[in-house]
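Each chain, letter by letter, is given below.
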Amino acid sequence: MIPSPLYRLDGVRKLYGDRLALDVPFLALREEALYLLSGPNGSGKTTLLRLLAFLLPPTAGTLSYRGTAVEWKDGALLPLRREVTLLHQAPYLFDRSVFDNVAYGLRVRGTDVGAAHRRVVESLQAVGLDGFGGRKARELSGGERQRVALARALAVSPRVLLLDEPLSGVDKPSADVIRDVIGALPAGGTTVVLATHERAPFPGGRGERLRLSEGALLTSAAPGDRTGDSPGGKDTHADL
Amino acid sequence: MGFLVESLRASAALVATLDPDLRSAVWVSLYVSFWSTVFASGIGIPLGLGIGLSDFSLKRPAITALNSLTAVPTVLIGLLVYGFVSRQGPLGDWGLLFTPEAIILGDAILAAPIVANFTLAAVRGADPAIVPTALTLGATRAQSTATLLSEIRFGVVAAVISGFGRVVSEVGVAMMLGGNIRGFTRTMTTAIALETSKGEFALGIALGIVLLAVAFAVNVLLHLLQQK
Numbered sequence: 001m002i003p004s005p006l007y008r009l010d011g012v013r014k015l016y017g018d019r020l021a022l023d024v025p026f027l028a029l030r031e032e033a034l035y036l037l038s039g040p041n042g043s044g045k046t047t048l049l050r051l052l053a054f055l056l057p058p059t060a061g062t063l064s065y066r067g068t069a070v071e072w073k074d075g076a077l078l079p080l081r082r083e084v085t086l087l088h089q090a091p092y093l094f095d096r097s098v099f100d101n102v103a104y105g106l107r108v109r110g111t112d113v114g115a116a117h118r119r120v121v122e123s124l125q126a127v128g129l130d131g132f133g134g135r136k137a138r139e140l141s142g143g144e145r146q147r148v149a150l151a152r153a154l155a156v157s158p159r160v161l162l163l164d165e166p167l168s169g170v171d172k173p174s175a176d177v178i179r180d181v182i183g184a185l186p187a188g189g190t191t192v193v194l195a196t197h198e199r200a201p202f203p204g205g206r207g208e209r210l211r212l213s214e215g216a217l218l219t220s221a222a223p224g225d226r227t228g229d230s231p232g233g234k235d236t237h238a239d240l
Numbered sequence: 241m242g243f244l245v246e247s248l249r250a251s252a253a254l255v256a257t258l259d260p261d262l263r264s265a266v267w268v269s270l271y272v273s274f275w276s277t278v279f280a281s282g283i284g285i286p287l288g289l290g291i292g293l294s295d296f297s298l299k300r301p302a303i304t305a306l307n308s309l310t311a312v313p314t315v316l317i318g319l320l321v322y323g324f325v326s327r328q329g330p331l332g333d334w335g336l337l338f339t340p341e342a343i344i345l346g347d348a349i350l351a352a353p354i355v356a357n358f359t360l361a362a363v364r365g366a367d368p369a370i371v372p373t374a375l376t377l378g379a380t381r382a383q384s385t386a387t388l389l390s391e392i393r394f395g396v397v398a399a400v401i402s403g404f405g406r407v408v409s410e411v412g413v414a415m416m417l418g419g420n421i422r423g424f425t426r427t428m429t430t431a432i433a434l435e436t437s438k439g440e441f442a443l444g445i446a447l448g449i450v451l452l453a454v455a456f457a458v459n460v461l462l463h464l465l466q467q468k
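Here the protein sequences line up with chains A and B, keeping their order.
Residues in the first sequence are numbered from 1 upward in steps of one, following the numbering used here.
Residues in the second sequence are numbered from 241 upward in steps of one, following the numbering used here.
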């Protein structure tokens, strides 16, 4: 039996007023995979990521997550949002310490203080910011801020991590750390969707590419990685 | 000129010796201003947050109405509340007229739109990424609102201070609903009005000095917060 995809989008369209921002006739995303989302500015990458993060309802069509159509009501969305985390392009860091920022997701989940403390320390270590916990988040450099935001996302151990161009405008050492951390996530069970302008952000051309142009999905994942179901029984990620 | 200098000297003595009438007026003023600001904040902060965070068809008219309410004359609010708390009014049985509680009620109505407007301005000026960031990290809608409130805390405190500044310096509501009863509902502003009409400039000036000091302290606090 073919397992249902992690995400499945059927006839999803998003309009801002009269402007069509996203048009995805069909798309299926697998668990524990690494997707590279590319396209020029304004092509709909951020809209797609916000939709996958359950922050933005589609104007039309159905978004299914783990085999169930998403119900766009706060109560129904909360458990889904607690599995999926979006790292914004210019991540907002709360006006608190680095530690409190990274602990935020754990606190809102009511995680035990001791366990939360351990998890925060681990997450900061993972992004190379060990010992930064007491610093004010707002006083960090751009690259450090991006790494804190990544640590904050990692702390909640998301099933899906969506990243909106986390490597743009970041110094090389920070970019290398972010790249290494992101690249290792699928092997640990986390699905990653990374919006990026880079042609090959990971060694060996890793990652299945999704291309958007003017809101339309142009290409799906690499043929060799096809799984999941699609209308008409085609074993593809996206129906173009 | 000599008369003014003499009045200033006498007022300084009243302030220095903590004259009982002066002390009482200052206490009543601070008491009613504090509680009316508390109640105004209880209404104004959620109102400002609610309007700022929600999308509804009448949002623009609601904001316009809120702006207009900040300019309502104090005597009009006094008149309105008087109609409710006077013996013939719907709240007449509560015996509120000419009590500090009546002033608190009127002042709360006066300050609530100010607190709401400043809170709304703080929400609109906040980074739009705050709530989505909180939500994507697993916050409930209430938790994300609390996070927003925490992030705009300086703006909200400024809203509260502005509300306090408005009520501590108003005279219309205090006069109409408090009745200017010595030692009971006489505030700094109503005392200044009364003492001046009696020709007792010294006490009026002494109260004016205290009122100015309070207004100055409030503005310094506001200025410091806006610099954060």
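Calculated directly from the structure, the hints in this document are not laboratory data.
None of these values were measured; they are calculated from a predicted model.
Heads up, some of the hints might be wrong.
Restraint ranges, calculated between C-beta atoms of paired labels, are given here [stated by the list, open to error]:
#1 B:T304 with A:R118: 50 to 60 Å
#2 B:V315 with A:G114: 23 to 33 Å
#3 B:V315 with A:G42: 52 to 62 Å
#4 B:G290 with A:R66: 51 to 61 Å
Glycine residues also receive a C-beta, built at the ideal position from the N, C-alpha and C atoms.
Comparing the hints with the structure gives:
1. B:T304 with A:R118: 50 to 60 Å: 52 Å, holds
2. B:V315 with A:G114: 23 to 33 Å: 60 Å, violated
3. B:V315 with A:G42: 52 to 62 Å: 55 Å Cβ-Cβ, so the 52 to 62 Å window holds.
4. B:G290 with A:R66: 51 to 61 Å: This hint is violated: roughly 34 Å between Cβ atoms.
Hint compliance for this structure: hints 2, 4 are broken, all remaining hints hold.
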